[in-house]
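S.K.: Those sequence lines, one after another, are chains A, B and C. Under this note's numbering, think of the first position of the first sequence as 1, with each following residue one higher. Under this note's numbering, think of the first position of the second sequence as 1, with each following residue one higher. Under this note's numbering, think of the first position of the third sequence as 1, with each following residue one higher.
There's no promise every hint is true.
[Claimed, not checked] Cut-off 20 angstroms, straight-line C-alpha distance, at most; resulting in silico cross-link-like pairs (SDA-like, lysine to any residue):
id : chain 1 : residue 1 : chain 2 : residue 2
1  : B       : Lys23     : A       : Pro75
2  : A       : Lys65     : C       : Asn41
3  : A       : Lys65     : C       : Asp120
4  : C       : Lys63     : B       : Ile63
5  : B       : Lys127    : A       : Lys65
6  : B       : Lys127    : C       : Leu32
7  : B       : Lys23     : A       : Ile79
8  : A       : Lys61     : C       : Gly92
9  : B       : Lys23     : A       : Leu77
10 : C       : Lys63     : B       : Ala155
11 : A       : Lys61     : C       : Met103
12 : A       : Lys108    : C       : Leu32
13 : C       : Lys63     : B       : Ile71
14 : A       : Lys316    : C       : Leu107
15 : C       : Lys117    : A       : Leu338
16 : B       : Lys131    : C       : Gly92
17 : C       : Lys115    : B       : Leu158
18 : B       : Lys160    : C       : Lys63
19 : B       : Lys127    : C       : Leu5
20 : A       : Lys65     : C       : Val23
21 : B       : Lys127    : A       : Thr177
22 : B       : Lys127    : A       : Leu325
23 : A       : Lys316    : C       : Val108
24 : B       : Lys23     : A       : Asn74
25 : C       : Lys36     : A       : Thr177
26 : B       : Lys160    : C       : Thr25
27 : A       : Lys316    : C       : Ile69
28 : C       : Lys63     : B       : Lys131
29 : A       : Lys316    : B       : Lys131
30 : B       : Lys131    : A       : Leu338
31 : B       : Lys131    : B       : Ser145
32 : C       : Lys117    : B       : Leu74
33 : B       : Lys131    : C       : Val108
Rather than coming from a laboratory, the hints here were simulated on the basis of the structure. In this text, all values refer to a predicted model and were calculated from it rather than measured experimentally.
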Amino acid sequence: MDFTFLIDKTILVAIIFAISLGIAAYSTYFERKFAGFFQDRIGPDRAGPFGILQPIADGVKLVMKEEIIPAGANPFLFIAGPSLSMLTACMTTAVLPWGSYLEIGGRKIPLQVADVNIGILYVFGVVSLGVYGLMIGGWASNNKFSLLGAIRAASQNISYEIAMGLSIIALVMMSGTLSIGTIVEQQQNSYWYVVLQPLGFLIFLICSFAETNRTPFDLPECEAELVGGYHTEYSSMKLGFYLFAEYTNMFVSSAVMSALYFGGYSVPFISALHLDQNLVAIIGTLAFFGKILFFIFFFMWVRWTIPRFRYDQLMKLGWQILIPLSIINIVLTGIFILVFDK
Amino acid sequence: MKEFFYFLSFLAVLTSLMVVVAKNPVHSVLYLIMTFFAIAGHYILLNAQFLAVVHIIVYAGAIMVLFLFVIMFLNLNAETEPQKPLILKVAAGVAAGLLFLTLVAAFKGAENQVAVTGGDSQIGLIKNLGKVLFNDFLLPFEITSLLFLSAMIGAVMLAKKDTPEGPKSKDLKKEMLLEKEII
Amino acid sequence: METNLPVDYLPILIQFFVAAGFVVTTMVLTHLVGPKRDSKNKLESFECGIESVGNARNPFSIKYFLTAILFVLFDVEVIFMYPWAVNFRELGIFGFVEMLIFMTFLLVGFFYVIKRKALDWE
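Generate the whole structure from the sequences, applying the supplied hints.
M.R.: As C-alpha cells, this is what we get:
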C-alpha cells in the first residue's frame, strides 16, 4: 500500500463529497425555481441575483436556529436519527465511477473512489441502511405523528427494496459482473443497458422514487394526515439534515441510474475522434453530470406534476405489481440471453 | 492488516457487550448493528467480499429492521416495564457463566489453527462462490427455497389468524360506503 | 482474472471518515451557534395545539410487522439470485432451470400471501 494511493483517494473523496453536497444544496434552489415555473410564479429571487444565494442563506439560517429537543424525546437517538440519514446518504458515492482515468505525470488516476467487486451490492446495502435514520428519528421524537411517519417510511422503503433488487438482477445477468466500473465500460462499446433492459429500468426508476420518498411516494411526510411525518419535531440543522439527505439521495439515485442504465461517463462515438485521454475523461465526466442533472430535473418534474398515492395503492404497487413484473423481467431476460446471445 | 484485525475484534467485543449492557433496547439494536459492521470488516480482511456485503444487507439491513419493528411494537413505557426479581438475575448470570466456561473449554481443546486463507485468496468473490453454490451445492440451495416457503406461510398464518370475510367486515365496508356518499 | 484485495475497501473507509466528520462538525456547530430559550410549552410534543394524551409508545398495526417479516424472507431470496445472475452465461440452461424451480417455490409462497390478503391495506 503506497502513500500516493492514499493521497489520491483522499483528494478524490473530498472533491466528490464537495460536489455532491453542492449539487444537493443547489437542487433545493432549482426545485423551488422549477416549482415556481410550473405554477407560473417567480420562485425565490431575494438572496442575490435571481435568488442564486438562496441555498447558502437557507443553510446559514438552519445552523443559526434554536435547537429544540422535546421533553419526552430520547436525546441521544433524537440526534442520531438525522445524523444517520445524512451519513448513509453520503456513503454511496464511493463506488460510482465519475470518469475513466486521468494521466498526470505518467500515472493513471482512475476517477472512481473504490472500484469494488461487489459495487451494486454495496449500493444496495447502503440503501437498506437508510431506513434507520428515519425510523430512529421518528421513534425518538415520542410523537404520534412522527411514529406513524417513521413506520410508514420504513415499510415503504423495505417494500420497494425487493423490487429494486430484483430489477437489478436482470441487468447483472447481462453484464455478468457487479462492479459498476465494469458495467459502465461495457456500455461504452455497446448499447446502453436501457435499450436492453427497458422494463428493468422502469421498475428501477419507480423504486428509486419510492426509496428517496419523493412525490408521488412521499407518504411518510404527507402534510394532510401526518403534519410533517417523521420530522415533525425536528428543528434547526437536524431538520436540515433530513431534508438535505433527501436531496443527496436524489442526486445519488440519479447517478446510479445514469451509471447502470445510461452509460455513465461514456459518450457515444467519442473513441472515433482520437482525442487525448485526459480530454476524453473530462468530457466523459461532464457528460455523466449532464445525465445526472437531467434525472434530478426529472425527479422535480414528476413531483410538480403527479399527485400522491394512497398508502394502500403504494403497497399494492410495490408488492403485487412490481415484484411479479420484475420476476417476469428476469425470466424474459434469461430466455433472451439463452436464445440470442450464447 | 494485523492492526485492523485487532481493532475490529476489539470493536466487535465491545459493541456486543454494549448490546447486553445498554438499558434502552433501541440502543442495543444500534450497538448490534455496529457489531455486524465489525464482523463484516473481518470478512473483508479475509477477502470474502460477497459474504461481507451480504452480512450487512441481510443482518444489518433486514433482520435488524425487523428487530426495530418488534421493539417499537412493545409497550416501552417505564411504568409497564416488569422488574425482574433478583433470583432470576442470579440464575441468568450463572447460566451465562456456565455457557462461557463451556465455550472457553471447547476452544482450549481445539488446535491452534493458523488462518486457512490469507487476505489474497480469491475464493470468496461472488463469481467463484456462485460457481460452487450452483454446481456442488445444488440440492441444499433448492431446499432453502422450501424453507422460505414454510417460513412465509408460517408468518402469514400467525399474523392473519382470524380473517375469514365475516359479515362484520362487510358491514364495515357498507358503512364506509355510506359515509362516503354522505360526504 | 484480475485479483481483488481487501485494500480496495480502504477508500470507502476514508469516505466514511469524511462523511462522519462532516456530520459531527455540523451537529456540534449548530449546537454551539443556535440560541437556547427553552420553555415548558415549547418542549411539549406537537399535536396541533391539542394537549397530548399519553405518549407515542403505542403498539401499531400488525400489517407493518408482517411486511417486515416478508421483507426479510424476500431479501434473502434476492441475495441468493446475485451469485446466480453473475454466473448466468457459464451456468447456461441448467442454471436457468435450477433458478426456475427456486422461483416456483417462491411464487407459490407469494401467491399464498396474496390469496390470504396479507398484503392488502384496506
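S.K.: Looking at the structure, which of the earlier hints fail to hold?
M.R.: 3, 5, 6, 8, 11, 12, 15, 22, 25, 26, 28, 29, 32 and 33
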